[in-house]
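Q: Going line by line, the protein sequences match chains A and B. Going left to right, the first sequence walks through residues 1 to 346 as this note's numbering numbers them. Going left to right, the second sequence walks through residues 1 to 305 as this note's numbering numbers them.
Hints in this document: simulated from the structure, not taken from any laboratory. For each residue, glycine too, the CB sits at the ideal point set by N, CA and C. The reader is advised that the hints may include incorrect statements.
Stated by the list, open to error - Some residues of chain A that are not near chain B, with every Cβ distance over 10 Å (derived):
#, residue
1, Q73
2, T161
3, D179
4, F180
5, D207
6, N219
7, K231
8, H234
9, A257
10, A265
11, R295
12, H296
13, C326
Said to hold, decoys possible - Distance condition first, Cα-Cα at most 27 Å in a straight line; then the derived DSSO-like pairs of lysine-lysine:
#, chain 1, residue 1, chain 2, residue 2
14, A, K298, B, K240
15, B, K81, B, K26
16, B, K211, A, K231
17, A, K298, B, K117
18, B, K297, A, K298
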Amino acid sequence: MDSYDASKLTPRQDASSRLKDFFIGATPLQKRLESVRKQTSFIPTPPRRKIPQGSQLQEDIDPQKFAFLLHEQWTLYTLTPLYKFSYTNFKEYSKLLNAFIAAEKQKGLAVEVGDDFNIKVIFSTLMGVKGTQRDPEAFLVQILSKSQLPSEHKEEKVLWTGWFCCIFGDSLLETVSEDFTCLPLFLANGTETNTAIIGTWFQKTFDCYFCPLAINAFNLSWMAAMWTACKMDHYMATTEFLWSVPCSPHSLDISYAIHPEDAKALWDSVHKTPGEVTQEEVDLFMDCLYSHFHRHFKIHLSATRLVRVSTSVASAHTDGKIKILCPKYFIGVLAYLTELAVFQIE
Amino acid sequence: MDETLAEFFRRTILKIPMTEMMTVLKTWNFLSENQLQTVNFRQRKESIVQDLVLLCEENRASLNDAAHLDIIYTQFHRHQKIWDVFQMSKGPGDDIDLFDMEQFKSSFKKILQRALKNVTVSFKDAEENSVWIRIAWGTQYKKPNQYKPAYVVYYSQTPYAFTSSSQLKSNLPLLGQSFETHNSTTSLQERSLGLDINMNSRIIHENKVEKERVQRVTQEIFGDYPQPRLEFAQYKLETKFKSDLNGGILAEREEPLRCLVKFSSPHLLEALKSLAPAGIADVPLSPLLTCIPNKGKNYFKIRDK
Numbered sequence: 001m002d003s004y005d006a007s008k009l010t011p012r013q014d015a016s017s018r019l020k021d022f023f024i025g026a027t028p029l030q031k032r033l034e035s036v037r038k039q040t041s042f043i044p045t046p047p048r049r050k051i052p053q054g055s056q057l058q059e060d061i062d063p064q065k066f067a068f069l070l071h072e073q074w075t076l077y078t079l080t081p082l083y084k085f086s087y088t089n090f091k092e093y094s095k096l097l098n099a100f101i102a103a104e105k106q107k108g109l110a111v112e113v114g115d116d117f118n119i120k121v122i123f124s125t126l127m128g129v130k131g132t133q134r135d136p137e138a139f140l141v142q143i144l145s146k147s148q149l150p151s152e153h154k155e156e157k158v159l160w161t162g163w164f165c166c167i168f169g170d171s172l173l174e175t176v177s178e179d180f181t182c183l184p185l186f187l188a189n190g191t192e193t194n195t196a197i198i199g200t201w202f203q204k205t206f207d208c209y210f211c212p213l214a215i216n217a218f219n220l221s222w223m224a225a226m227w228t229a230c231k232m233d234h235y236m237a238t239t240e241f242l243w244s245v246p247c248s249p250h251s252l253d254i255s256y257a258i259h260p261e262d263a264k265a266l267w268d269s270v271h272k273t274p275g276e277v278t279q280e281e282v283d284l285f286m287d288c289l290y291s292h293f294h295r296h297f298k299i300h301l302s303a304t305r306l307v308r309v310s311t312s313v314a315s316a317h318t319d320g321k322i323k324i325l326c327p328k329y330f331i332g333v334l335a336y337l338t339e340l341a342v343f344q345i346e
Numbered sequence: 001m002d003e004t005l006a007e008f009f010r011r012t013i014l015k016i017p018m019t020e021m022m023t024v025l026k027t028w029n030f031l032s033e034n035q036l037q038t039v040n041f042r043q044r045k046e047s048i049v050q051d052l053v054l055l056c057e058e059n060r061a062s063l064n065d066a067a068h069l070d071i072i073y074t075q076f077h078r079h080q081k082i083w084d085v086f087q088m089s090k091g092p093g094d095d096i097d098l099f100d101m102e103q104f105k106s107s108f109k110k111i112l113q114r115a116l117k118n119v120t121v122s123f124k125d126a127e128e129n130s131v132w133i134r135i136a137w138g139t140q141y142k143k144p145n146q147y148k149p150a151y152v153v154y155y156s157q158t159p160y161a162f163t164s165s166s167q168l169k170s171n172l173p174l175l176g177q178s179f180e181t182h183n184s185t186t187s188l189q190e191r192s193l194g195l196d197i198n199m200n201s202r203i204i205h206e207n208k209v210e211k212e213r214v215q216r217v218t219q220e221i222f223g224d225y226p227q228p229r230l231e232f233a234q235y236k237l238e239t240k241f242k243s244d245l246n247g248g249i250l251a252e253r254e255e256p257l258r259c260l261v262k263f264s265s266p267h268l269l270e271a272l273k274s275l276a277p278a279g280i281a282d283v284p285l286s287p288l289l290t291c292i293p294n295k296g297k298n299y300f301k302i303r304d305k
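Next up, chain A with everything else stripped away, as it sits in the complex (with noise of 0.2 Å):
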């Protein structure tokens, strides 16, 4: 059995406190990072990006294998890289994850997953979930449950779902020695218990680190910008910005959504450079939605902080929750979001 050591949590803990030190680091290395994070938001971003094409890797992909990861709701994380990884120790890790998930339920902590003892962990390769060749391969962790009822046939419910991956990292592979493998994007749907465990298991395994990725008003503009000025054949959901106003004593939400062949009208009209977005381009895009809203209810929205855009392309939360809803930006919204990641992590 393994043994498990000082660092682990105690079974007294909630599932909310015990979240919270999941994500406090507690050796110097861990602690390190988060003081070196805290200094990130300084750092200027580029000025500039290349707007999301269809990635050529993915054309070689069947589109329908991820076609399950489109259309959920995400919570983002940042991951440090792991250590001592191997794709080909799959079947060991779903062993050993099994087991300490079993073990944390004994103790009375893991309650929320399943009802019975009967679960499944699956690690998973995401063929073509990657920016270069160089990309490490990205993968996917499923708990399952299996119904013990012996009346049911043995269906298979997902109780959880996590994936790694790492879309144009460069910048951070350039920085590891070999026995790290950098997946600095996680992104789980299922139960904050369950994150929580799992979380604790990798880190423990390969002493990586998770931390929460939250998305500033800054990025979602960024975000708002690059994917209105992707090429859509059809639109399937409106552009929609979320407001939420911090001064009033009661709380205020503004939406705003614009019919989205408009926003691209808006957009095209202020873009200059082809293939590429500028800052100047995202601020002056932003100013006339600001304008034009101001023009009708003489409110300041950039007085306000935005906290959720949503196009055709996909959409994001400020409190790190992404749904992707196009299958050929897929890879290029996850570009984004690995940029962010890697950010915070350096």
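Got chain A sorted already, so can you dock chain B onto it with the hints?
A: For chain B alone, kept in the frame of chain A given last:
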């Protein structure tokens, strides 16, 4: 002690939260330490209060003592009251007068008693040369209502006085007069600045004029009373884009922008009311927002004219 007075004592003491009871009683300083020790503070509150009232009777407590206790309670709970601020302005060419607190109190009381036969006026000195004045109003024929007193807090070294009351409005001119007559060269002027009662006169507000204008306009639009409870408003906009920025954006586009704007809040109108004072909205507020109560609807379709 007559019954109404005893009842007033009972109700006043009953108001005091148990956590503050000892502090308030000690501040009042009417019942001695020994007397307080005879009370069993572990009983039910009603019983404690009964015992305390009996002690008050023993000490032959008067209405004045009750009024003092009421003032102390109000001082402890000043933040639960709404205060209006008054500023006294001096006429041109006036000298700074020497202020005599006792003289002020005496003339203040005299004026009120002369004007209204039935009035109870009590004073308590407080920090920073201030005095708390409690006034219970009656009429020609009715005794003062001790349960709805007015409070005036006057900081003698400043031109400011704070008032709070449920029934003050009609008696305002009289109060004003009492200040005026005391010092014949000053006149009372209401300035609705909404200052905190512990105002430090050394703090200045930079854009006071602008802030006041915003408050005034907001008040004109929304009024003084709480807004009707509304949770959302929705606007369907089909208007052309017009912008002064960098001219030319969407200049050739004939079609309007199709937008849908939704405001939502647990209390929408109160939230909208707070936007201008917070600097998030300009005044005058947009008619699209202010017309919600007037038109009695919260779904709108807006098109270019």
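Q: Now, for every hint given, state plainly whether the structure supports it.
A: Hints, one by one, checked against the model:
1. Q73: Holds, because the least Cβ-Cβ distance between Q73 of chain A and chain B comes to about 21 Å, which exceeds 10 Å.
2. T161: Per Cβ check, T161 of chain A is outside 10 Å of chain B; nearest 32 Å; holds.
3. D179: At about 51 Å from chain B, D179 of chain A clears the 10 Å cut-off, so the statement holds.
4. F180: The claim holds: F180 of chain A sits with its nearest Cβ about 47 Å from chain B, beyond 10 Å.
5. D207: holds (45 Å)
6. N219: Holds, because the least Cβ-Cβ distance between N219 of chain A and chain B comes to about 22 Å, which exceeds 10 Å.
7. K231: Non-interface label on K231 of chain A holds, nearest chain B Cβ at 19 Å vs cutoff 10 Å.
8. H234: holds (16 Å)
9. A257: violated (4 Å)
10. A265: A265 of chain A not clear of chain B: closest Cβ-Cβ about 6 Å, inside 10 Å.
11. R295: violated (7 Å)
12. H296: Non-interface label on H296 of chain A violated, nearest chain B Cβ at 6 Å vs cutoff 10 Å.
13. C326: holds (21 Å)
14. A:K298 x B:K240: Judged against 27 Å, a Cα distance of about 17 Å means the pair holds.
15. B:K81 x B:K26: holds (23 Å)
16. B:K211 x A:K231: violated (47 Å)
17. A:K298 x B:K117: It is violated: about 55 Å lies between the C-alpha atoms, which goes past 27 Å.
18. B:K297 x A:K298: holds (20 Å)
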